[in-house]
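Using the hints provided, position chain B relative to the given structure of chain A.
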Amino acid sequence: GENVEQHPSTLSVQEGDSAVIKCTYSDSASNYFPWYKQELGKGPQLIIDIRSNVGEKKDQRIAVTLNKTAKHFSLHITETQPEDSAVYFCAAAFGNEKLTFGTGTRLTIIP
Amino acid sequence: NAGVTQTPKFQVLKTGQSMTLQCAQDMNHNSMYWYRQDPGMGLRLIYYSASEGTTDKGEVPNGYNVSRLNKREFSLRLESAAPSQTSVYFCASSLQGDYGYTFGSGTRLTVV
Numbered sequence: 001g002e003n004v005e006q007h008p009s010t011l012s013v014q015e016g017d018s019a020v021i022k023c024t025y026s027d028s029a030s031n032y033f034p035w036y037k038q039e040l041g042k043g044p045q046l047i048i049d050i051r052s053n054v055g056e057k058k059d060q061r062i063a064v065t066l067n068k069t070a071k072h073f074s075l076h077i078t079e080t081q082p083e084d085s086a087v088y089f090c091a092a093a094f095g096n097e098k099l100t101f102g103t104g105t106r107l108t109i110i111p
Numbered sequence: 001n002a003g004v005t006q007t008p009k010f011q012v013l014k015t016g017q018s019m020t021l022q023c024a025q026d027m028n029h030n031s032m033y034w035y036r037q038d039p040g041m042g043l044r045l046i047y048y049s050a051s052e053g054t055t056d057k058g059e060v061p062n063g064y065n066v067s068r069l070n071k072r073e074f075s076l077r078l079e080s081a082a083p084s085q086t087s088v089y090f091c092a093s094s095l096q097g098d099y100g101y102t103f104g105s106g107t108r109l110t111v112v
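Protein chains in written order, with this note's numbering: chain A, 1 to 111; chain B, 1 to 112.
Some clues are possibly wrong.
Cut-off 25 angstroms, straight-line C-alpha distance, at most; resulting in silico cross-link-like pairs (DMTMM-like, lysine to aspartate or glutamate) [what the hints assert, rightly or not]: (1) 42(A) <-> 15(A); (2) 37(A) <-> 38(B); (3) 14(B) <-> 26(B); (4) 71(A) <-> 26(B).
The hints are simulated quantities; they were obtained by calculation from the structure and are not laboratory data. As the structure is a prediction and not an experimental result, all values here were calculated from the model.
Here chain A stands alone, though its shape is the one from the complex:
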């Protein structure tokens, strides 16, 4: 089955700087890669996703890049703000198979 590794497990950045979280996956057939943000006391929320027919996708301050050859994808957050502090999860899936989640990254934005 699919295996998703996520790094780092914790990340602290100064407000205004950029943050990058990286994930690798094992199943070359995977074609869907979402990212979730979990705020304290809440359920994870989908913030951006990418499919294997594109290499990069942006939505305001967040972007995801995908390298199918190397089997890794990354989340980039620019101009970080205090409200970006949360736990972020990456995931991967193929077709109608269920998502396999990474272990999460706790991002802390330092004012």
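What follows is chain B alone, placed relative to chain A:
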């Protein structure tokens, strides 16, 4: 739209008691999932239902049972609660596997 609704939000059980966690979605999604989340750990899949009428075991199914009552509802039952089942439980739904999941707000369960 309410999205995914989980009840109850909090519950304290004594060891050996049973309970059912309820989950309902109003997005006409086909697939539904139950996860548990423990401190310092990610999301671990307990059971899932790819479509109405089907259920399958996930990574950590022992001690749990599920029922896909209809397309909207997917319940998780603890027959004899154990302290190791103290956790936060999340229900989620999706159109199908390779579409974004919508999560509920969670049930915080403590077994004493």
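We went through each hint and held it up to the structure:
Distance restraint check for residue 42(A) and residue 15(A): the Cα-Cα separation of roughly 23 angstroms lies within the 25 angstroms cut-off, and the hinted pair is therefore satisfied. Proposed proximity of residue 37(A) and residue 38(B) is supported: the alpha carbons are some 17 angstroms apart, at most 25 angstroms. As the CA atoms of residue 14(B) and residue 26(B) are separated by approximately 32 angstroms, the hinted pair breaks the 25 angstroms bound. Simply put, residue 71(A) and residue 26(B) have alpha-carbon atoms about 35 angstroms apart, too far for the 25 angstroms limit, and the pair is violated.
In summary, the structure is inconsistent with hints 3 and 4 from the numbered list given earlier, while agreeing with the others.
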